[in-house]
Structures are given as structure tokens and as C-alpha cells.
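Trainee: If you're matching them up, the sequences are chains Y and C in order.
Each residue of the first sequence is one higher than the last, beginning at 1 in our numbering.
Each residue of the second sequence is one higher than the last, beginning at 1 in our numbering.
A couple of the hints might just be wrong.
Calculated pairs, DSS-like style, for lysine-lysine (alpha carbon to alpha carbon, straight line, at most 30 Å) [unchecked claim]:
#1 Y/K99 x Y/K70
#2 Y/K2 x C/K57
#3 C/K13 x Y/K70
#4 Y/K111 x Y/K56
#5 Y/K42 x Y/K111
#6 Y/K56 x Y/K67
#7 C/K13 x Y/K111
#8 C/K13 x Y/K67
#9 Y/K111 x Y/K99
#10 Y/K42 x Y/K2
#11 Y/K99 x Y/K42
#12 Y/K99 x C/K57
#13 Y/K56 x Y/K2
#14 C/K57 x Y/K42
#15 Y/K56 x Y/K70
#16 Y/K99 x Y/K56
#17 Y/K99 x Y/K2
#18 Y/K67 x Y/K2
Partial list, derived from the structure: chain C residues whose beta carbon lies under 7 Å from chain Y [said to hold, decoys possible]:
#19 P39
#20 G40
#21 G42
#22 F60
#23 G106
#24 D107
#25 L111
#26 S112
#27 I113
Quick caveat, the hints were computed from the structure, so don't treat them as lab data.
Backbone N, C-alpha and C define an ideal beta-carbon position, used for all residues, glycine too.
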Amino acid sequence: QKEVEQDPGPLSVPEGAIVSLNCTYSNSAFQYFMWYRQYSRKGPELLMYTYSSGNKEDGRFTAQVDKSSKYISLFIRDSQPSDSATYLCASSPNTGGFKTIFGAGTRLFVKA
Amino acid sequence: KAGVTQTPRYLIKTRGQQVTLSCSPISGHRSVSWYQQTPGQGLQFLFEYFSETQRNKGNFPGRFSGRQFSNSRSEMNVSTLELGDSALYLCASSPGTGTNQPQHFGDGTRLSIL
């Protein structure tokens, strides 16, 4: 079993839809949770960064962490074609470095 | 503020050759990590450097090595290249331990082995 599990998709939605991206993790020591967005031929770009449980909102993006169920989510409201990318979840017991474990990434297509 | 810069962006090599990839972290960042990204395996950790010292290493053979310079710039080297080494190699930097700041990635070097 991988420490961070993520459905690779692809996930296809119409423009304007609410997108829900999810990951599960197995290591109870994970304290930090990240979402990265990766466009084709580019490196991962940090979208959201949260510590412990709870919600964090940034514009159209909301990250949610439920440590009791070891479940992390990213919601995208009013999705746009420019949101089409691969979304990677990541978890770590500390900040940065080698103990950051990445999910496989979910490929998202937003159709105009 | 400039982001993480990786050079070259693309590289084509043949089996048996060696290659050196370069990474310049965000100004002020002292920790540099390297990852290999492939469609089948996703992002896999190679190693992490902080203040010129390798702090951690992933599960890769000794053909993969790296170093960090006093200005925090880092290089990784792969010797005796194999077809399976074809991948996107990503460098990520962060301020360092205890700063509660996540990693930021460069756009990677795409290495193709013929």
C-alpha cells in the first residue's frame, strides 16, 4: 500500500463545475498537506499548503484535511479550462525535504 | 523573486554516458531536493541537500549522486545511463528545516536516453 493514494483519473468536467479531488494517506505522523498543480512540460506549482486538520480557502480553491479519516481534498469552484492540469497531493511529517510523499496525481480536463 | 531554475531543460543521451543537471534554488533557500518523475512511478525522491551536506537519500542506485555548493546551487549526476533513466528530473527548494515552509519546484530537466 502506498503512503499516499490518489486516483489518477482522468477526470473530465464541464466549465463552471465544482471539482473535487481527493487523496488518502496512511501515515499518522503526517502533519503537513500540500496540493500542487502541474501543467504539461512544467514543474509542479504549489497551490495550497495546510497544517493539521481543517479547511483553507484561497480564491476558487479550498483544501480540506480530515486527519481522523486520513483524507485530504481539494475543491475547485467555477472551474475553468485553464484549470486543466495534473493535481498532485502531498503529505509530510515535517516541512519540505525527503519525507514528503506525493500521490500519483489526478489528470483534470475542464471542457469549455 | 526568481523561482527555481533548472538547466538544461532538455537533454538527449545514449546508454552508458553520464549527465550532470543543474539547479539554482530560490534566493535565500538553503535546502534543495531532487526528484525523478515518470508516468509509471510518479514523483520519487532522490536526495536532499542542506548547507552543502546530503541529509537524506532515496532508494536509488549509486549511479545517482549530487552535491550542493556554498551558494546553495546544486547539481546531480547520473553515470552509466540506462534506458530506464529517461524521466523528468525535478529540483525543489525550501528555506530549510524548522521554517514551516513547503518546497517550490523548478520546471525540470527532461532526460531522454536513446
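Trainee: Does C/F60 pass the interface hint, meaning its C-beta sits closer than 7 Å to a C-beta of chain Y?
Mentor: violated (12 Å)
Trainee: Are Y/K111 and Y/K99 close enough, with their CA atoms no more than 30 Å apart?
Mentor: violated (36 Å)
Trainee: Are the Cα atoms of C/K13 and Y/K67 separated by 30 Å or less?
Mentor: violated (45 Å)
Trainee: Given the hinted pair Y/K42 and Y/K2, is their alpha-carbon gap at most 30 Å?
Mentor: Judged against 30 Å, a Cα distance of about 25 Å means the pair holds.
Trainee: With chain Y as the partner, please determine if C/L111 meets the hint condition of a C-beta pair closer than 7 Å.
Mentor: Since chain Y brings no Cβ nearer than about 14 Å to C/L111, farther than 7 Å, the hint is violated.
Trainee: Does Y/K70 sit within 30 Å of C/K13, going by the straight-line distance between their CA atoms?
Mentor: Given that 30 Å is the threshold and the Cα spacing comes to 42 Å, the pair is violated.
Trainee: Y/K2 and C/K57 were given as a pair; does the straight-line alpha-carbon distance stay at or below 30 Å?
Mentor: Holds. Y/K2 to C/K57 sits at ~19 Å (cutoff 30 Å).
Trainee: Check whether the Cα positions of Y/K56 and Y/K2 lie no farther apart than 30 Å.
Mentor: holds (25 Å)
Trainee: Given the hinted pair C/K13 and Y/K111, is their Cα-Cα distance within 30 Å?
Mentor: violated (38 Å)
Trainee: Under 7 Å is the threshold here; is the Cβ of C/G40 close enough to any Cβ of chain Y for the hint to stand?
Mentor: Given a least distance of 9 Å, the restraint on C/G40 is violated.
Trainee: Is Y/K99 close enough to Y/K70, meaning Cα to Cα at most 30 Å?
Mentor: Measuring from Cα to Cα gives roughly 17 Å; hence the hint holds.
Trainee: With a cut-off of 7 Å, does the beta carbon of C/P39 approach a beta carbon of chain Y closely enough for the hint to hold?
Mentor: violated (10 Å)
When held up to the earlier numbered hints, the structure conflicts with 3, 7, 8, 9, 19, 20, 22, 25, 26 and 27 and fits the remainder.
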